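Trainee: Sequence order for the protein chains is C, R and F.
Counted the way the working numbering counts, the first sequence spans residues 1 to 152.
Counted the way the working numbering counts, the second sequence spans residues 1 to 404.
Counted the way the working numbering counts, the third sequence spans residues 1 to 368.
To be clear, the hints were calculated from the coordinates, so they are not data collected in a lab.
Predicted, not measured: the structure shown is a model, and the values here were computed from it.
Relax, there's no trap hidden among the hints.
If we take Cβ atoms under 10 Å as the criterion, some of the chain C residues that face chain F in the derived model are:
no., residue
1, S54
2, S57
3, T59
4, Y63
5, E68
6, R104
7, E107
8, Q109
9, D115
10, Q126
11, I130
12, L131
13, L132
14, P140
15, F145
Idealized CB from N, CA, C, for every residue including glycine.
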Amino acid sequence: MTKILSTEYLTTILPDDLKKSVIDIADDCLYIPPQDVLKFAKFLRNDSRLQLESIISLTGVDYIEYFEIVYHIRSMIRNSSMIFATRIFDRSSPKLSSVVSVWRGAELQEREVFDLMGIEFENHPQMSRILLWEGFNGHPLRKDFEYIDLTD
Amino acid sequence: MNINNFQNIINSLIPGLPTWLVFITSAILISFIVINAVVITGALTVWLERRLLARIQSRLGPNRWGPFGLFTPVADLIKMIGKEDTVPATADKKIFNLAPIVLLVPVLLVFAVIPMSNNSFLGQLNIGILFIVGVTGFNTLAVFMAAWSSRNKYALFGAMRGVAMLLSYEVPMALSIISIVLTTNFLLNIDGSNLSALSLVGIVQAQKIPFFILQPLGALIFVTAASAEMSRAPFDMIESESELGAGYHTEYSGIKFAIFQLTEFLAPVATAAIISVMFAGGIKGLSFIPGSVILVVKIFVIVLIFIWIRATWPRLRVDQIMNFAWKFLLPLSVINIFSQAIILQIFYSSDSIITINELWTIAFINWILAGISIFLLAKLFGHKGRDKNIPIPSKLANMEFTSE
Amino acid sequence: MAFKTEPVTINLGPQHPSTHGVFRLKVTFDGEQIVDAEPVIGYMHRGTEKLAEERSYVQIVTLTDRLDWVSSMTNNLAYVRTVEKLANIDVPIRARYLRVLCSELQRIASHLIATGFLMQELGTFGGTPLMYCFREREKILDMFEMLCGARITLSYMRPGGLVQDAPPEFWERLKIFQKEMPGYVDELESLISDNEVVLARTKNVGILSDRVAVDSSVTGPMLRASGVRWDLRKADPYEVYNSLHFEIPIGSVGDTFDRYFVRINEIRESIKIINQVVEQIPTGPIRTEIPYFFKPPIGNAYTSVEAPKGELGFYLVSDGGISPYRCHIRSPSFINLTVLKDLLVGSTMADLIVVFGSIDIVMGEVDR
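Work out the full structure: start from the sequences and follow the hints.
Mentor: See below:
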């Protein structure tokens, strides 16, 4: 069985500066501030006790007050997985640092989140729309997206 | 039945006509008959190929029009003629319109020199082989005309590959013909025949045993090179529909496309006719069956083999095709020429005659020689490292990992 | 004298015979060599994730059919498992066995399509191997029709179990299938695996190293062909996989041939699993009765299954209503495309189509 790393275990092995920055701890999810995502990702990948080398899923959820970006990470060597999330409260131009330099598998998924949710990932090799066409107005997966008539 | 018979008939019907007019009239008449017969054969080949491919793939194939779907080609043709004939706006229209004709006519011309009896339709041609080599060389030009004039990148890609391939394969094809001509010359000289060794009638005459038994290497090279020349599987680089859409005829539609299709299906018939004349003894066979029937049966069998190959073989990559031509077929054909010359000279110089028994001995030697040379060349140029590797699980994953 | 050449850019697609749907590839060629390749997707984007936000949990099952339409069963399974985790629904043991049976049948069908189309792209003109593959797939589709009346868009699974139990005719047909299928796989393999041209075209073409594969989150047969022994059925057994015995085939170098070979071997393993399921399956109910419009508690859940093309995961967020607040689909075809450029650059045009075919994508799942 894939072991889901408990948040208690994670908090014990996190270095002090990262431990301080953890905002919130749910039963299986760590919440971290957006500016620490890249630092956090680097630690998770390179730590010999974790070796979380691949990103299964990266997605965004629009909770209206804030955007939540959820990262599902897995270590194939240690057969374990974990979840961490970050919240972005800026709605007009949400920005987040890209984790492509750590997990290359996030490349297309970050583009998808940018396309459908409108969150810009900084330092991404190619931050452009992927599913919708250039010039599409709005980001459909936002809850305040208004349906537009595309027929004309 | 050939042009002389026609001239006689016309002379007896309308006496007193000038000789040139008689000749032209009979030539036009016989061309009319031959071209129609060939085009109908082409249509039947379309049907045969589709039915047979379907059988090989365990499906039914065309079965709606006429008995066993025999009229399907007719229905196809009616549909294609009814389609709009589009010409791309940026195309070079003159060349664009000319290309299908340049492609079709050489294939039809081949049938002019095929000896369906003791003579070919359009009379005895002393340089039949050279005529065929020259005429079939035209398809390179036609392919490039079609692709270049239609101004389409896919077509150009197809044609670029095609021209490279067609030019390369003409070399081993011509070289394999040389050994045939050589043998024919020996055998005809012994018989004291006055036929030219370059004429197809002469080649048929010389085949006391079929040349594919006498010269397996030559036959193999010729069949391979010929299937590349007509760009059929596994050499269908020009079209390669999974990569290039349709290759050089991407932009063609309507009747011009129909001509391309017709040529594509006529090419195996023409090639099979050449092969059966040059390697399978042409009209020779059982004496109580007319020669033309025997030839048609031989052509049919060879076409079947071509269809079978097409149904089962994937396509080679373009660099592999070129490697095959230059590294494999070319050395083989050179080996073939020299070995034939030496062997025939040895057997000839002992008593100035090559008997049937000696021919069988030569055939036996040639089969062994063919086996050895193919094996050695395959060792030399064949792919290495094709062994099955034993998979080693990567260290990047461990499903059985249990934490302490 | 050196010739001056310039690269040619070709748009492969969106309408191209070999792109498995509407997939566009902007490729720059230098002669026959590829110097750059950029996938352009989204021609089939139907907004499944947005549509899911306005449907009830049961209705979304039909949306998942249309993701990867050659393996609807595993799509259903991945989705209903997430809903069950979200709403804490228990599934009867017979339903679990039937789910495993269906997803293995679906795996065989999907791998047959992948193999057949790979061979088609290699240029077996009439598509003889493709027709052989389709012949066998047809039998599986017939069995699915007995189960739920549909052949492609199955919608056979429901949160809490299955729509209905398998009829007696299904088991008879399955028995014939179990007996005949190993022979057909051997026949197919004898047609392909030893063909010199197939070997020349696929060996050492489009090599994907295990390091790149793991970094790029590649999953499924593509990952295993690179030698990484990772399969969710064994690594994180769901349903009843931990009571079944099977091997995880892996490849040696990660080339196109290995990807094909892993699929063929997985078909064999799937047949083994089906045999065990038929022996072990108990009798009993096939569904936990739940209301049609049920409301899971507030929360979120992510589960994934080993779909034929890789790891198919669903991430559902519930706000306590009758439809999910957010439904994210982690589709294997989409994420496997990350490595497409690595595989293509440096190879030739003819290899492009073959390598692309060996990735085995379905546009419905890429664009969603």
